[in-house]
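If you want the building blocks of each chain, they are given just below.
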Amino acid sequence: MSEEESNITRNEFLKNVGKSTLLIAAGATGYSLWNNAAKGLTTKKELLERKRTGRPKFSMAIDIEKCIGCGLCVEACSKENNVPAGHYRTWIERYVVKKDGTVLIDSPDGGINGFPNNILDEDIDRAFFVPKLCNHCEHSPCTQVCPVGATFMNDDGVVLVDYDYCIGCRYCIQACPYGSRFWNPGLKTADKCTLCYHRITKGKLPACVEVCPTNARIFGDANDPESPVSKFTRENQMMTLKPHLQTGAKISYKGLSQEVI
Amino acid sequence: MAPQIPRVALVFGVLVIAFFVARSQTVPDTFGDKGHYRAAFPAELASLPLIHSGKQACMECHSDKPETTPHFKIGVSCESCHGPAQKHVENFDEFKPFVPNTRAACGRCHEAIVGRSPSFPQQNLKEHNPGQRCISCHEIHSEGEPK
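Taken in order, these protein sequences are the chains called A and B.
In terms of my numbering, the first sequence has 126 at position 126, counting the first letter as 1, and numbering is strictly consecutive.
In terms of my numbering, the second sequence has 12 at position 12, counting the first letter as 1, and numbering is strictly consecutive.
For the record, the hints were derived by calculation from the structure and aren't laboratory data.
Heads up, the beta-carbon is just placed ideally off N, CA and C, and yes, glycines get one too.
Some clues are possibly wrong.
[What the hints assert, rightly or not] Here's a subset of chain A near chain B, in silico, CB distances under 7 Å, partners left out:
id, residue
1, 149
2, 207
3, 254
Produce the entire structure from the sequences given, and follow the hints as far as they go.
Right, here's the structure in full:
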């Protein structure tokens with residue numbers, strides 16, 4: 001090092017470091033803005049707004065009072081989506097509230113073969129079935145923890161798993177507060193309900209909604225005020241599961257009891 | 001200029017190039033086009049084949065059934081009882097849908113079990129004409145109310 005350079009004072013050196021850091025930061029910000037602009041997404045907020053214009057927002061409403069626990073939805077889902085045995089994209093839970101306040105919850109094989117009549121009804125206060133599935137959260141915990149971007153919310157509101165890109169770390173399975181995700185041993189990826197994406201994009205109903213004999217499941221586009229799901233949620237008192245988590249669940253329930261929430 | 005600077009610059013340059021090469025190899029096509037995901041995936045998923053046809057497809061041939069099926073009128077889909085029928089839609093000669101004629105098939109919905117709303121029509125299958133087929137008394141595809 002020459003004598004001239006060593007004459008720089010400590011103060012000047014720090015100033016130079018500060019200036020170059022600012023320059024590099026400005027350059028990096030400029031590059032990322034340019035890069036995003038080139039891809040057509042300027043800011044995250046604008047991206048979210050664009051998602052909501054002219055695109056459907058698929059959602060489902062479930063009428064608990066109508067569910068009879070036949071399990072046809074679970075069976076249809078398994079067949080439609082080739083779900084491996086022992087795993088369920090949708091399942092039914094039976095809640096039996098006894099007179100002394102205890103709650104029995106059962107879900108034999110996810111309810112795929114219906115429910116046994118194995119409970120004596122002397123002590124029962126009330127009993128009901130709750131169909132469950134992925135809530136396709138607007139602010140989904142599962143997509144936030146995915147380290148590679150294999151799970152994401154599509155611009156029509158459906159949360160999907162990219163089976164080709166999932167690395168199988170299973171963070172999302174742990175992150176889901178609803179237990180809606182499972183490990184698919186065949187695909188060796190995380191798996192879950194897609195709202196029958198291959199059906200709804202062809203204008204058909206999800207398999208569970210199609211076969212429900214009591215119309216306990218109502219499906220549609222929440223952005224369309226005339227859709228069945230919009231009408232149903234407008235005309236009834238609706239509640240989502242675990243509302244305190246503010247996940248923005250798109251599956252809402254009519255007649256949801258305190259025991260379930 | 002100090003002699004070590006070009007060497008450090010060279011190493012740095014090689015690392016930067018290696019990073020971009022590795023990135024181009026590992027990030028799939030269309031990733032990031034619409035967000036932090038592979039933009040081509042939803043279309044791939046949407047191209048999966050159907051298993052259930054949906055009742056509109058049934059009615060293209062069986063347009064008489066809704067009138068003669070009380071269950072249909074109250075909103076029960078064909079495939080609720082007959083099972084997935086897309087294969088039948090595509091090849092109706094070779095593939096015939098399931099015909100539910102057992103007590104268990106009716107009991108799936110109509111057996112009295114804990115949890116079923118009392119307003120829903122249900123029977124205790126152990127006491128209600130045991131051993132008989134439901135369809136020997138109850139007509140499924142008949143006019144009027146379900147009976």
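Contradicted hints - numbers only: 3
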